[in-house]
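Chains A and B are the protein sequences, given in the same order.
Sequential numbering of the first sequence, starting at 1, is according to this note's numbering.
Sequential numbering of the second sequence, starting at 65, is according to this note's numbering.
Read the hints as simulated data drawn from the structure, not as lab findings.
These numbers come from a predicted model, not from an experiment.
Built from N, CA and C at the ideal position, the CB exists for glycine as well.
Hints are not guaranteed to be accurate.
[Said to hold, decoys possible] Distance condition first, Cα-Cα at most 25 Å in a straight line; then the derived BS3-like pairs of lysine-lysine: (1) A:LYS60 x B:LYS90; (2) B:LYS207 x B:LYS589; (3) B:LYS90 x A:LYS62.
[Stated by the list, open to error] Output of the computed footprint for chain B on chain A, the stretches with three or more beta carbons under 8 Å from beta carbons of chain B: (4) 22-32; (5) 42-53.
[Unchecked claim] Over 12 Å on every C-beta distance to chain A, these chain B residues come out as not near it, computed from the model: (6) GLN210; (7) GLY214; (8) PRO287; (9) ASN342; (10) PRO418; (11) PRO419; (12) ASN422; (13) ARG434; (14) ASN527; (15) ILE528; (16) GLN533; (17) PRO631; (18) GLY639.
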Amino acid sequence: MDIRLPLGMLFSIVGALLAGFGVATASSQMYRQHSLGINVNIWSGLGMLAFGLTLLWLAKRKTA
Amino acid sequence: MQLAWIDYLLIIIYFSFVLGIGFVLKRHARTSTDFFLSGRSIPAWITGLAFISANLGAQEVIGMGASGAKYGIATSHFYWIGAIPAMIFVGIFMMPFYYGSRARSVPEYLKLRFDEKTRGLNAISFAAMTVFSSGVSMYAMGKLLQLLLGWDFTVSVLLSAAIVLIYTYLGGLTSAIYNEVLQFFLIVAGFVPLVVIGLIDVGGWDGLTARLAIESVSRGFDPGAMTQSWQHMGSPSSNPMGVEWFGLVMGLGFVLSFGYWCTDFLVVQRAMAADSMNSARRTPLIAAVPKMLFPVLVILPGMIAIAVAPRSDIGYAGSGAHGGLAPVQIAGARPQLVAAQTPLAAVRPQGLIPPKLNEAGEPVVGTDGRVALDYDLAIPMMLQHYFPAGMLGLGLCALMASFMSGMAGNTTAFNTVWTYDIYQSYIKPNASDAHYLAMGRAATVFGIAISIAAAFVARQFNNIMDLLQLVFAFVNAPLFATFMLGMFWKRATGHGAFIGLLSGTLAASVHHGLTLPIGAAVGFKGGFLGSVVHTYPSEMAQNFWTAIFAWTTCLLVTIFVSLFTEPRRDEELTGLVYSLTPVPQDRGLPWHKRPGPLAIGVGAMTIVLNLIFW
Numbered sequence: 001m002d003i004r005l006p007l008g009m010l011f012s013i014v015g016a017l018l019a020g021f022g023v024a025t026a027s028s029q030m031y032r033q034h035s036l037g038i039n040v041n042i043w044s045g046l047g048m049l050a051f052g053l054t055l056l057w058l059a060k061r062k063t064a
Numbered sequence: 065m066q067l068a069w070i071d072y073l074l075i076i077i078y079f080s081f082v083l084g085i086g087f088v089l090k091r092h093a094r095t096s097t098d099f100f101l102s103g104r105s106i107p108a109w110i111t112g113l114a115f116i117s118a119n120l121g122a123q124e125v126i127g128m129g130a131s132g133a134k135y136g137i138a139t140s141h142f143y144w145i146g147a148i149p150a151m152i153f154v155g156i157f158m159m160p161f162y163y164g165s166r167a168r169s170v171p172e173y174l175k176l177r178f179d180e181k182t183r184g185l186n187a188i189s190f191a192a193m194t195v196f197s198s199g200v201s202m203y204a205m206g207k208l209l210q211l212l213l214g215w216d217f218t219v220s221v222l223l224s225a226a227i228v229l230i231y232t233y234l235g236g237l238t239s240a241i242y243n244e245v246l247q248f249f250l251i252v253a254g255f256v257p258l259v260v261i262g263l264i265d266v267g268g269w270d271g272l273t274a275r276l277a278i279e280s281v282s283r284g285f286d287p288g289a290m291t292q293s294w295q296h297m298g299s300p301s302s303n304p305m306g307v308e309w310f311g312l313v314m315g316l317g318f319v320l321s322f323g324y325w326c327t328d329f330l331v332v333q334r335a336m337a338a339d340s341m342n343s344a345r346r347t348p349l350i351a352a353v354p355k356m357l358f359p360v361l362v363i364l365p366g367m368i369a370i371a372v373a374p375r376s377d378i379g380y381a382g383s384g385a386h387g388g389l390a391p392v393q394i395a396g397a398r399p400q401l402v403a404a405q406t407p408l409a410a411v412r413p414q415g416l417i418p419p420k421l422n423e424a425g426e427p428v429v430g431t432d433g434r435v436a437l438d439y440d441l442a443i444p445m446m447l448q449h450y451f452p453a454g455m456l457g458l459g460l461c462a463l464m465a466s467f468m469s470g471m472a473g474n475t476t477a478f479n480t481v482w483t484y485d486i487y488q489s490y491i492k493p494n495a496s497d498a499h500y501l502a503m504g505r506a507a508t509v510f511g512i513a514i515s516i517a518a519a520f521v522a523r524q525f526n527n528i529m530d531l532l533q534l535v536f537a538f539v540n541a542p543l544f545a546t547f548m549l550g551m552f553w554k555r556a557t558g559h560g561a562f563i564g565l566l567s568g569t570l571a572a573s574v575h576h577g578l579t580l581p582i583g584a585a586v587g588f589k590g591g592f593l594g595s596v597v598h599t600y601p602s603e604m605a606q607n608f609w610t611a612i613f614a615w616t617t618c619l620l621v622t623i624f625v626s627l628f629t630e631p632r633r634d635e636e637l638t639g640l641v642y643s644l645t646p647v648p649q650d651r652g653l654p655w656h657k658r659p660g661p662l663a664i665g666v667g668a669m670t671i672v673l674n675l676i677f678w
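Can you build the whole structure from these sequences, using the hints too?
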């Protein structure tokens, strides 16, 4: 098994979830309380999603 | 710390992947070589990440954060003078013998190079050490989850043990390595945002320097003692670590780090799983690149944790203005704060770090009259402080993953050494491969069972674990001298190695028994041989010098005994000793596939890092 497959899947799923949760809670007080008003869920989530999709693309390119 | 549904969901998704990988890889573990050495088929970048990840257990994440808060940037010596030079050495000079000799474990190399008794000594002490450190890992995790989330200790320990058991039992080393790579990226994903937000909050590196200058002065050091790694190493009294440069370079940089990275099967096993000699040699060199950047991820949060003002603390002047705190304000605010609060609140956390509590729940006051801080909580407190729901779940996942990969690393190293070096050598030689594969799986089960027992023993009697770790330190300290002589001096003999190792261990215990760190009571901390000959300025200085004494004794005794015993013939040592082994050729390959240029690049980057934070 190509390790990029499970790794890419995990990061894509977790990244999408985090970013989605970030968008849904964008107006929440908790970002002001904890992360200096930065919506850290959206940014980290998008970063993880991009990384995950890149790995999936690399894994797919190799087998194709 | 309260978790939201999203946090639980992320944790559940992560662990389903961990278990899923075990189930998928089950069909790849058909022979004992598959199970114990991943069939020697893993590419270098994966073994490289697993190489550092297996070491990235609880001690690393929690411990380095704690040291960052305690000692500041000097903690980076564990990386930039400790780990990296040793990783370069193991890749360039030692891997040709480990991989080239086709030894299946580090103890087995000792058998090939020296003799049966040297292997036996190393195999048994290593096997015992791994199951117990795995137990300590479980104990630490159970305690932390109980403290942070109120989870039941027994449930946390059993659940984490069950997950590790399932995936290592099914997929063996491959499964452990894949999960280590997963965990590596998870730690990065969880900790990068933490450091970024933390740095913004304290006003960048300059803001952190200014804040730590106050902390440093309040402890009686120069303002830069916590943000400059080498300048204050001239004497033990001028830096928070209490060490001087010679003890640091020789004790930590040479003996301890080389001893760990070059001879500990837990990490070497990852390189042995590589698909070729070239990949095996590049494994530690590839690992060195992220490794040298790790201080940013694990030490900086600790430093930020001690520098930042707790936001809930309304007594602080201007606590609402993040990053805008002038040093004078902080210095002035402290006495006023203490006076204004009730006695319990007077021992306010320093930065985010709460005071250490004794059994009765009261803060512990150190010999210097200051309240002792629970530094191990630096990283968990940072997560709680800066992460909202969502990222908090991811951060906790990363933390749990690091505990578990530590356990899995120990488990896979244990089952290999047990099966090949103890069971096959002394209990049942000449059985079928299927038999040893089954034995490896059984060893996984009882290894974890012993670890669980150790975790509960550690919970009951903290001292037993202190004692065991002390004994292991004595056993490990001289090891590197044995390997160095074995690999680079063909005259070294088995009798020499065996007696040298025992003398080194003895020298370590004698040195420890006759010295004491300042302010410590006689007992595990030293002085147990009746009289105290020397008092060290810190525990760390004592440890470094114990290692130096053990290593030197082992080196001298091994040389001495070897000269009086029968050497082995040259033909028997081909592939095991430097002068009798052809140097692996890699000409014609691009630079990034050649160990030499990689090593030079990694070395140069490390020097630059040392200079930047000089």
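Given as non-interface: B:GLN533, which should sit over 12 Å from chain A by C-beta: 34 Å, holds
Just double-check B:PRO419 for me: nearest Cβ-Cβ distance to chain A has to come out over 12 Å. 23 Å, holds
Hey, is B:GLY214 genuinely clear of chain A, shortest beta carbon separation above 12 Å? Given that every Cβ of chain A is farther than 12 Å from that of B:GLY214, nearest at about 20 Å, it holds.
Once the closest CB in chain A is found, is it more than 12 Å from B:ASN527? 39 Å, holds
Verify that the Cβ of B:PRO287 lies farther than 12 Å from every Cβ atom of chain A, and report whether the claim holds or is violated. 27 Å, holds
Can the restraint linking A:LYS60 and B:LYS90 be considered satisfied, given a maximum Cα separation of 25 Å? Roughly 23 Å separates the two Cα atoms, so the pair holds.
Are there at least three residues in the stretch 22-32 of chain A whose beta carbon sits under 8 Å from a beta carbon of chain B? holds (count 5)
Determine whether the non-interface label on B:GLY639 survives the test: each CB of chain A must be over 12 Å from its CB. Correct as stated: the minimum Cβ-Cβ distance to chain A is 31 Å, above 12 Å.
Taking a Cβ-Cβ distance under 8 Å as contact, does the stretch 42-53 of chain A have three or more residues in contact with chain B? Since 6 is at least three, the answer is holds.
Does the claim that B:PRO631 lies outside the interface with chain A hold up, using a Cβ gap greater than 12 Å? Given that every Cβ of chain A is farther than 12 Å from that of B:PRO631, nearest at about 45 Å, it holds.
Mind checking the alpha carbons of B:LYS207 and B:LYS589 for me, to see if they're no more than 25 Å apart? 23 Å, holds
Since B:ARG434 was said not to touch the interface, does its Cβ keep a gap of more than 12 Å from each Cβ of chain A? 29 Å, holds
Hint check: no violations occur; every hint is consistent with the structure.
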